[in-house]
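Colleague: With the hints as constraints, model all of the structure from the sequences given.
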Amino acid sequence: MDLGLFFLMQRDEAWSEQEVYDSAMEQMLAAESLGYHSVWIAEHHFNDYGLCPTPPVLAAWLAARTRTLRVGMGVSLLPLHHPVDLAENLAVLDVVSGGRLDVGIGRGGTLQDYQTFQSDRADARARVEEGIALLQASWTGVPFDFRGRFHSAERLHVRPRPVQRPHPPLYIASNSEDSVRSAARLGLPTLSSFFVPVEELQRRHRLYREVSREHGRPEAGIEALEQQAWGMRVVHVAPSRREALAAIEAPFMGYQRKMAVLRSDGTGGTVPNSFDRSLLKLRPFAEYLNTDWMIVGTPDEVHDGLTQYREATGYQRVLLLMALPGLPTDLALRSMRLFAEKVAPALAPVH
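Plus 429 on top of the position in the sequence shown (first one is 1) and you've got my numbering.
It is possible that part of the hints are untrue.
[What the hints assert, rightly or not] Simulated restraints on C-beta separations:
| hint | residue 1 | residue 2 | range |
| --- | --- | --- | --- |
| 1 | E583 | L636 | 33 to 41 Å |
| 2 | M454 | R635 | 25 to 33 Å |
| 3 | R554 | A741 | 26 to 34 Å |
| 4 | E770 | M454 | 17 to 25 Å |
| 5 | H586 | P774 | 43 to 51 Å |
| 6 | A675 | H644 | 43 to 51 Å |
| 7 | N719 | R554 | 30 to 38 Å |
Because the hints were derived from the structure by calculation, they are not lab data.
Just so it is clear, CB atoms sit at the ideal spot from N, CA and C, and this is done for glycine as well.
Modeller: Structure, rendered in C-alpha cells:
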C-alpha cells in the first residue's frame, strides 16, 4: 500500500508564515527516512487556507534534499496557468528529481483567483480537459501543432522532456461527479479529498467504472486505473486516544474555520452538487469524530480505521493529512513516526 503525506500549508493565526514553512519543511524531510511514498503539496492563492501558490518551487527544494521520496502536485490548478508554461516547469522538476514527479490536476480555486489570473471560471472544466491534452503533447519530446478552444501552437518543441515515459503520472481531482466523469473519459486515475464520505466514494467508484465502460475501456484497464487512484483522510496517531484527540482538536477546528470562511466570504470556490453543504457549517469537534473523515487514535485504532476505509473503498493508495494548522511540529513528527513504525508495517495487502 502506498502512503503519502498531503500538505495544505495552512496558517494558524498564532503562527507566522515563516513558521508554517519551517514546520512543513521539517516534516517533509522526515518523510523519506520514515519510508513514506510521497509528499503532495496543494496550490492555493491569496488566503490562509493554503500558503503555497507555487508548489513546483517547494517541490524542487524537497527533491534536491531527498533521493527516493516522490513529490506530488496536489493539485495544480490548471485553469489558472498556461498549460505550456506549466508543462515546462513540471518537466524541469521531473528532470531534477530524477523522475520522481506526480501531477494532480484540478479546477478548484476561488473567484478571486480566477479574476486575478483572468480566467473565466465558467470555462474551468473545458480548460482542464484541453490543458491536459496540451500538457501531454508538450511532453512528447517532438515538435507538435495544437488547435484548441483556448490555446493553439505551431511546430512547438517543448524542452526538456520529462524523465518519466510517456510523462509524469497524471491524476484528476475528483471532488465532484463531473470530475469523476472527466477522469474516466480521459482514462486518468482520480485523486480524492478527505471530506468525501465513504458512501459517496463508493458511488463515485461505480460511476467511474460505468463511464469508463461507455468509452470502451476494458475491465483490466479500468482496474489498473483504479489501483493507481488516491484516497485521502485526516490522520493523527498518538500513544493514547486521549492524547491524539487533545492534539488534533484545535488544529482540526482551525481547518474547519478556514474552510467556512473560504466558502462564505464571497470569494470562495463553488461547492459540487454532490457535496453535503451541511459539512461546511462549523460544528462541535465530537460531531466530526462521528464522520468517516478522520482516523485518529492509538496505532491499533488508526490501523483498524484505515483498514476499514481501504476495504470499503478499494483504495490501494492513501494520502494522509497530518499537517493541520497550528499542530506543533513535535506532535506532527510523533504522529508520522508512530504511523510509520506501528501502523504501516501491519497493513496487509488487499487482494
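Colleague: Kindly indicate which numbered hints from before are broken by the structure, ordering the numbers from low to high.
Modeller: 2
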